[in-house]
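S.K.: Sequence:
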Amino acid sequence: MDLFKIAAIISAMVFSLSALSGCSGNTSNIDSISSLPESITTPAPQTHDDDFYIKWAIPDSIIISDQVNEKVNALLDSKYGLGVRFVPISDIPGEIDYHSELIKADADIAFAGFDSDDDKPCEWLIAEEYFAPLDDMLKGSELYSLIPEQLWETTKSNGSIYTIPSEAMQDIGVCIVFDLDKIPAEKAKAFNGDITQLDGLLSDNDMLYYGLSGFDYSSFYGDYCSNGIITTSEGVAKSITGDTECMTWLKEMNSLFNKGKATDIECDWSVLITKDTVPISKENIYIYKTKAIVGQRFGASTGIISTSNKKQEAFKLIEAVHTDPEIADLLVYGNEFTEKDGYAYDASGEKIYGFINKLVFGIDTNVLYGADMLMQFSSPDEKKAYYDENVIVSPLAGIDITTDCKEINTVMNKYQNIWKSKDLDSDIATLNKELSDAGTEDILSSINEKIKQGAKK
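According to our numbering, numbering within the sequence shown proceeds without interruption in unit steps and concludes at 459.
Please note that the accuracy of each hint is not assured.
[Unchecked claim] Here are the computed distance ranges between Cβ atoms for each label pair: (1) Asn337 x Ala192: 52 to 60 angstroms; (2) Ala129 x Glu188: 52 to 60 angstroms; (3) Asp68 x Gly195: 52 to 60 angstroms; (4) Ser102 x Gln314: 26 to 34 angstroms; (5) Gly142 x Thr432: 48 to 56 angstroms; (6) Gly83 x Asn415: 49 to 57 angstroms; (7) Glu268 x Thr432: 24 to 32 angstroms; (8) Thr309 x Lys81: 25 to 33 angstroms.
[As the list claims (entries may be wrong)] Below, simulated BS3-like cross-link-like pairs (lysine-lysine); rule was C-alpha separation at most 30 angstroms, straight line: (9) Lys318 x Lys81; (10) Lys408 x Lys122; (11) Lys240 x Lys293; (12) Lys342 x Lys353.
Please keep in mind that the hints were generated in silico from the structure rather than gathered at the bench. Please read all numbers here as calculations on a predicted model, not as lab measurements. Glycine included, every Cβ here is placed at the ideal spot set by N, Cα and C.
Could you build all of it, start to finish, from the sequences and the hints given here?
M.R.: Structure follows, in structure tokens:
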């Protein structure tokens, strides 16, 4: 699997909440960050035996220069009595698999990589006890208090936490954005979530820009979509075609598309439906938004390897990276950036794109802003407040679903664009037949039983 092709997709799915809501964290001042150009003058590095250093496995696409590593180690040594050496893990699509190389590496900490609906190596690493349980170390720690509870829930396996979720994974619900220069404000603000209202709001000259992919729209109704199935907020797994609300959405979007009122091609829209894929440049807008639904997610997390004999030191190192802005900024932006108004700039005066490093090291709130389009939070508390208000954890989170859903995924992937069908009823019937042939009923029964058992624990 190409780790950074997946990371690029994740990056494309993230944008500034301020573009949607008109508000964000304070970008001109981050209280926890000192005057950075001066603060990065570090003490002279000290030399230690090899055994002193904690080994951290990361993809070899992440380049930590010798100068950055030297400054990071000087800070770690002087502040925490720690040192780190990064272990690059190769990932060449079709030739070298990241996870196969990772399990052979000599390391104490490891970036878990990414899962997909078709392939779940991170889930496998946890099932095989590659990572050590972190519950005792996390209890009462500063690290645990920094990250929203909802993100911790996504990394639970059988009630325990084995990896630390990446703060750079951002969660935004389905948003229906109205251009008030085209849709009268009183009509837009009267929208109550009934998707069938949209046809009446769009005149012949209006266009709906559809920015969702696949079956992402299921979260509009509080459902969590994964592995080709949806799990309702009540904890019932079902086929998406068996959900009345989801089928109402699908039929409405299909009707608008066939009337020439909806497109997935960039346009001067009157109504935009998105989760986080399209930056909003328009200012006179009204947004109807739903909460994000999150489930089990081991991808892009980081854990301490079970065989490490430096587990306590490794945890202390991860905590330092999350809580120390000087160290975090060096790992994300290198050692030649300058800071202005809370942003990191390169020597040419351009904002630095730091998303991939943020994702791999798991840091977000205690680091400068960059050219990426992440939501901006001025503090961990502000981010936690956002999650409390805008994110719901699916009943599926924390429950190990090992049932093989690859055949269901294969079927569902064929119908990613079913909303543009010319004969929707016929295509839905064919989809249901293929899902039945893939054994969907038996799989759903198995998953629902596991959800019930998990709820009893």
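S.K.: Where does the structure disagree with the numbered hints, that is, which hint numbers, in rising order?
M.R.: none
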